[in-house]
Amino acid sequence: MTTQEILDSGNLELYVYGILNESDTKEISELVKTDKAIADEVVSIEKSILNLSSSFSPNISAEIFEKIKVKLELKHGKVIEMKPRSNASQYIGWAASIALLAGVAFQYNKLNESNSTINSIQIEKSNLQKSVVTLELEKKEAANALSVVRDTKNTVVNLAGQTVAPTASAKIYWNKETSTVYVDASGLPEPPEGKVYQIWSLKLSPTLTPTSIGLLDNFKGNHERMFAVSGTSGAEAFGITLEPAGGSKSPTMEQLYTLGKV
Amino acid sequence: MTQEQLIPLILKKDDRAFTIMYDMYSKSLFAVISNLVKEAEEAEDVLQEVFVKIWKNIESYNDSKGRLYTWMLNIARNTAIDKLRSKGYNNSQKNLSSDNFVHLLDDSNKLINRIDTIGIQEFVKKLKPKCIQLIELLFFKGYTQQEASDELEIPLGTVKTQNRNCINDLRTYLQV
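Protein chains in written order, with the working numbering: chain E, 1 to 262; chain U, 263 to 438.
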């Protein structure tokens, strides 16, 4: 067949329609590659029938294209529309963050207040505890002093003020059975710095023999001024002198504050 | 764009190629589908199915099977006919409908009266009734020459020559 005969046969139209049998289709497909006139004719037939059929197409819903792309997982599919955020939601956002900030600041203030309250309460508490401890100690001292005073087994020796301290006085509570001696020094003035009271038991005969039975250390700290000193037996009198700190071997008679006979 | 330019892009699965292919062929294929499957939503389902098949089976296409457009046309017709069969329509391709494609124009609800297509629609209406019948059977419904010859009661050899004359008139009008 010549090219013209092929063009006029009407087979090329059927070829484009897709209704020729397989062998005829193959044959024309080969001719199209080699014969430009046939190739051009095929393209023209395609254009005309494509145009005709397209013009009879009902409307295709716009979303069909996107649906197919989604099914094929193609990129640049549906463009997701970004709705601009409304002003209202922006304001609500700002308002919420300001409210939150104010709330946090308020809570922070509250927390500080609470913390300082706790601090001052703790200071008060420790002060009170100190007072309680002090009072307990004082009470113990007082109870001690009282029990010494009340003990009927004690011999009470009143020591009278001497030349250096005429107004001074002291009491000795002496339990002869247990040989314990307590000194009530509440009638003595506070000793000057670097000085300390020393207690002496005295034997008057045959000669005056003083024996040191202790120092009144921590005079200021002893609120009841009730001191325990070393025991003695056979004392005939008691004396208190003011001595340099640490005490002396023998009494400084010029500094004899009080003296009393048993 | 020619099919020679388009095919390599489709093979690369370039998504721009899909858009071009859709723009070029979707209306034609949808006209063919709608002429078979009358219900609009079902026709759109078929169109989706057709493009998915085209995209996924493009490797099985080669030019010994004819034009790319022809390959697509066959997929469209076959998918539409499968749809009809699945819905229990008559198994025969024949008697699918007594209408022809020109009736697609009658449904004003679904036809887009695009300015650029009004001319060709009017032209087609003025074509000889025989031309409309031939194009309907051969192109839209994919009848063989023999089937068309039987249906229209014209000699077998006349089917393709008359069809060619109809297409030549169309080409003169379209200047292609």
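In short, the hints are calculated from the structure, not lab data. None of these values were measured; they are calculated from a predicted model. Glycine included, C-beta positions come from ideal geometry on N, C-alpha and C. Where hints are given, some of them may not hold.
Only pairs whose alpha carbons sit at most 27 Å apart, straight line, appear in this in silico DSS-like list of lysine-lysine [claimed, not checked]: (1) E:26 / U:388; (2) E:261 / E:249; (3) E:26 / U:390.
Taking CB as the label site, the calculated pair distances span [stated by the list, open to error]: (4) U:434 / E:24: 25 to 33 Å; (5) U:285 / E:36: 57 to 65 Å; (6) U:420 / E:40: 20 to 28 Å.
Here is how each hint holds up against the structure:
1. Between residue 26 of chain E and residue 388 of chain U the alpha-carbon distance is near 35 Å, which puts this suggested pair outside the 27 Å criterion.
2. As the CA atoms of residue 261 of chain E and residue 249 of chain E are separated by approximately 21 Å, the hinted pair is consistent with the 27 Å bound.
3. Using a Cα cut-off of 27 Å, the hinted pair residue 26 of chain E and residue 390 of chain U is violated, with the two alpha carbons roughly 32 Å apart.
4. At roughly 26 Å, the beta carbons of residue 434 of chain U and residue 24 of chain E sit within the given window of 25 to 33 Å.
5. Taken as a hint, the range 57 to 65 Å is violated for the pair residue 285 of chain U and residue 36 of chain E, whose Cβ atoms sit roughly 27 Å apart.
6. Between residue 420 of chain U and residue 40 of chain E the beta carbon distance is about 26 Å. The supplied range of 20 to 28 Å therefore holds.
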